[in-house]
Amino acid sequence: MWFDMGSRVLEESWVAEGDIMIKSKKLLRLLAVLAALALFASACGSGGDESASASSCGTDEVDGDLALFNWAEYIDEEQLAEFADTFGINATMTTYDSNEAMQSIIAGGNSGYDVIVPSDYMVSILIDGGDVMELNKDAIPNAKNVSDEFSGLYYDPTATYSLPYQWGTTGIGVNTAVVGTDFPRSWAIIFDPSFADEFSGSISLLNDPRETMGAALKYLGFSLNSTSEAELAEATMLISETKDRLAAFNTDSADEFLTDGNTVIGHGFSGDMFTQFLGTDNPEDYVYFVPEEGGTRWIDNMAVPVDAPHPCTAHTFINWMLDGDQGAALSNWNYYSTPNEAAKPGLDQELLDFVNDPSVVAGGPDSLELIEDTGDFEPNYSDAFIEARG
Amino acid sequence: MAESGPTVLDRDDNAQDVRAKHAVDDQFEVRAAKAESRRGLLLALPAWLYLMVLFVAPLLIVTVYSFATRTRSGTDLSGWNLDSYRKLGEPIVRDILFRSLTLAVITTVICLVIAYPFSYYLATRPERIRNVMLVFVMIPFWTNFLVRNFAWRVILGNDGPLTTVTEAVGLGEVELLFTPVAVVLGLVYGFLPFMILPLYAAIERMDGRLLEASRDLGATGFESFRQVLLPLTMPGVIAGSILVFVPSLGAYVTPEILGGAKTTLLGSYIVIQFLTARNWPFGAALSFVLMAIMLVATLIYFRKGGKTL
Amino acid sequence: MSVTQPRGATKRLLQFNSWFVYLFFYAPIVLLVIFSFSDSANVGVWGGFTLDWYSEFAESSQTRNALGNSIKIALVSTVISVVLGTMAALALERFTFRGKRVFDALLYLPIIIPDVTMAIMLLLFFSEAANILGFQKGFATIALSHVAFNISFVSVVVRARLAGMDQRLEEAAVDLYASRWKAFRHVTLPLIMPGIAGGALLALTLSLDDVVITQFVNGPGWTTLPVFVFGLIRKGVTPLINAVSVVMLVISTALVLLSLVTERVRSDS
Chain A
5 MWFDMGSRVL
15 EESWVAEGDI
25 MIKSKKLLRL
35 LAVLAALALF
45 ASACGSGGDE
55 SASASSCGTD
65 EVDGDLALFN
75 WAEYIDEEQL
85 AEFADTFGIN
95 ATMTTYDSNE
105 AMQSIIAGGN
115 SGYDVIVPSD
125 YMVSILIDGG
135 DVMELNKDAI
145 PNAKNVSDEF
155 SGLYYDPTAT
165 YSLPYQWGTT
175 GIGVNTAVVG
185 TDFPRSWAII
195 FDPSFADEFS
205 GSISLLNDPR
215 ETMGAALKYL
225 GFSLNSTSEA
235 ELAEATMLIS
245 ETKDRLAAFN
255 TDSADEFLTD
265 GNTVIGHGFS
275 GDMFTQFLGT
285 DNPEDYVYFV
295 PEEGGTRWID
305 NMAVPVDAPH
315 PCTAHTFINW
325 MLDGDQGAAL
335 SNWNYYSTPN
345 EAAKPGLDQE
355 LLDFVNDPSV
365 VAGGPDSLEL
375 IEDTGDFEPN
385 YSDAFIEARG
Chain B
26 MAESGPTVLD
36 RDDNAQDVRA
46 KHAVDDQFEV
56 RAAKAESRRG
66 LLLALPAWLY
76 LMVLFVAPLL
86 IVTVYSFATR
96 TRSGTDLSGW
106 NLDSYRKLGE
116 PIVRDILFRS
126 LTLAVITTVI
136 CLVIAYPFSY
146 YLATRPERIR
156 NVMLVFVMIP
166 FWTNFLVRNF
176 AWRVILGNDG
186 PLTTVTEAVG
196 LGEVELLFTP
206 VAVVLGLVYG
216 FLPFMILPLY
226 AAIERMDGRL
236 LEASRDLGAT
246 GFESFRQVLL
256 PLTMPGVIAG
266 SILVFVPSLG
276 AYVTPEILGG
286 AKTTLLGSYI
296 VIQFLTARNW
306 PFGAALSFVL
316 MAIMLVATLI
326 YFRKGGKTL
Chain C
1268 MSVTQPRGAT
1278 KRLLQFNSWF
1288 VYLFFYAPIV
1298 LLVIFSFSDS
1308 ANVGVWGGFT
1318 LDWYSEFAES
1328 SQTRNALGNS
1338 IKIALVSTVI
1348 SVVLGTMAAL
1358 ALERFTFRGK
1368 RVFDALLYLP
1378 IIIPDVTMAI
1388 MLLLFFSEAA
1398 NILGFQKGFA
1408 TIALSHVAFN
1418 ISFVSVVVRA
1428 RLAGMDQRLE
1438 EAAVDLYASR
1448 WKAFRHVTLP
1458 LIMPGIAGGA
1468 LLALTLSLDD
1478 VVITQFVNGP
1488 GWTTLPVFVF
1498 GLIRKGVTPL
1508 INAVSVVMLV
1518 ISTALVLLSL
1528 VTERVRSDS
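Chains as they are written, first to last, in the numbering used here: chain A, 5 to 394; chain B, 26 to 334; chain C, 1268 to 1536.
Relax, there's no trap hidden among the hints.
Okay, the calculated beta carbon distance ranges per label pair:
#	chain 1	residue 1	chain 2	residue 2	range
1	A	Leu282	C	Val1350	47 to 57 Å
2	A	Lys247	B	Leu113	23 to 33 Å
3	C	Gly1401	A	Gly350	42 to 52 Å
4	B	Pro256	C	Val1350	30 to 40 Å
5	B	Thr189	A	Glu354	30 to 40 Å
6	B	Ala244	C	Ala1407	55 to 65 Å
Don't read these hints as lab results, they were simulated from the structure.
Backbone N, C-alpha and C fix where the C-beta goes; we use that ideal spot for every residue, glycine too.
Make the full structure from the sequences, and use the hints.
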């Protein structure tokens, strides 16, 4: 029946003729031009009109549901649900897979998210772009739980806009059953042909310009935040010489390649490696370390977009996550390292063993660097990486 | 439309009456043609309007970006410049473009070679079986695209099913993962249905008696194919080729997962500009050049294959 | 077309090709299904039979939400794009009008534009629109975006069907039926139905698979399955992804087979 009604309507409009058609066509053009102009004008104009303010938020106050924007598998659904139940609200989590994708969405405005989880360098970019709000520390008393080593961070020295969430390192995972245990704890096992050629075709590097160029820079004795074109050129040469020895450039599955035999040496992240090794039947065959020349330390943080719909809920969530018990639950679930001093007593023994093992960072804590955004120099890194890859 | 002008029916009228009558006919013709044209426009209107608002307008915004400047936290729209377009002249861009074009052409040709016989055979099956067969072609593609790529990664990997089978059969070890072959395989896998569907649609609506006639006149199978079947199904060939070539040119997921990201292709290059390098102006400029090339190529392809799709 | 049956060697060759194609298509699917029952966190390593991944999927409200969102969006966007795309195809293949060539070119743009570019431009567009009109990004923005590219794909498939089709049938129908609409509905429409069905299938698939565009025009609570899977992969590929895919596969196959059966029942009666 509805189909017949629909057909009749269509029949009538099909038959409609006359000047209406010509006028419609002109109207159509006009509409399109107006739409384009309006959007063009507003694109040129300033975005972000209404910024929410959190200055009036009290501790444990909620002003609506929580919309969390986070990396995948970074928090247990159940932990999030517990938060929702405790405060009598709904909590949703949407995921992103790169800082830059998240930043594009947040900077566009009206994203609808209350809490985001940017990495170190991305925090500085968000602050620069005016996309995150100043945190009201009165609403986050648990901020005192954060370990002292996380104060004075370059990207947010006074923790005005962000508070640490989880952290880790980037290094190399090795299948000792194939490679043996007697190898130098150095980037040389990837970059030095006298060692690496033996494993040609079974090595992977991260598919990440900053991390991989950074590894090369560290091996060559430079800073991984170098803004010297000469140093970057040397690093580019090194990567392009290494390229033929590689199985792949891969970020997501570097750890899996190790355990399923596609590689025996893999550049990857601490928590990923650790979880993957523990998931095998023979975790003792694998080793993860940060080379003695140094490597990346990275810190993921919680921040609140400047136009967050529910800033008070956001603050309450951040405060809740910084509680000792919640911090321990988080790390015990995702196996990354916690910045939360109060959480440490609650950590699983395996995690503690891994984290506290000094041999993991072969060059000592001072050899680690945080990635910094190099501003206008930044495209040089991706250009260099692309050139190196061929 | 029937031609107007004096006809055999006007024999009995005088000349003036004939002219008057046909003048009315002519007017009628013109109005009928206009009505047709309006109907056509009316049909096109909804899609046209939709695309103007939800495609062209956003596209215009991004066009503006291609003339802007990259900043640390976004894009500075004030002050127009051609820097991004100038950057397109760098040799690396040419290399990437050439590599991507080659890959896309290879993928398209392989898809055509595999899909044509398949679609033909499909079109010769009884109607009931045809629909079922088509559905079975589509079913694998209702799994997630990424998951399918990962499944191939498992199949082609070291100690994976493929090499296990070839070793058992005596063909020896086969290490395809992270090679260009794996990438082509993955791309062909992903886009084959896009070639099959239009080809099938074109072959199926062809009048089979033409082929029979060709056979009766003594042509070999191949001659019938070349001179009857292929020309008549050319619209399908072209539609399928475009639907495969274009996404192949911009593909980046398959080359990363199955190829190990060991070379940079156009798709990855553009994604890197928008995301990793946060260089939107250059990303926009690259996109426009890519689209311009494809639009021109499509138009040329059309002219050669016939006026329409 | 069922007139010209291939014979002999040709027929065997064609059959072989068909079997090869199906084998090729289903190899990864078979693998997918098998390893969804594998008791090992590593896909590709068989660890014994288990249903754990399926129960994890059933318990994970996030995954189920994502699946539900994907299906809703795919259905809505397919219906709209099939209607608009078919109309566009008819306009281009059966009529001439001013600006036809422009319209033709316009329809190609969504096919040739790189995904990420379309994602970014729609992000900018919707963010600004949200600023002005004050709506929340989510279901509507995703569905609208999917229609934006699907119209073109549908029209390409339907046009391939229309082009060169014997128009005398349609012209005869116009003479016989008083109204053009009736002529269309009773003659043209059934003739182009395979093209429309093909276009609809294509649109459904493209919508269900879309990651980049969906990611950028998304809003809280509207994660779709491919975006969710994309995020999971960052953490590590486990057979959970297989289980999710198999469920999705079963649902979509069931839906399509159901529609095939009902169509057969309807045409038989």
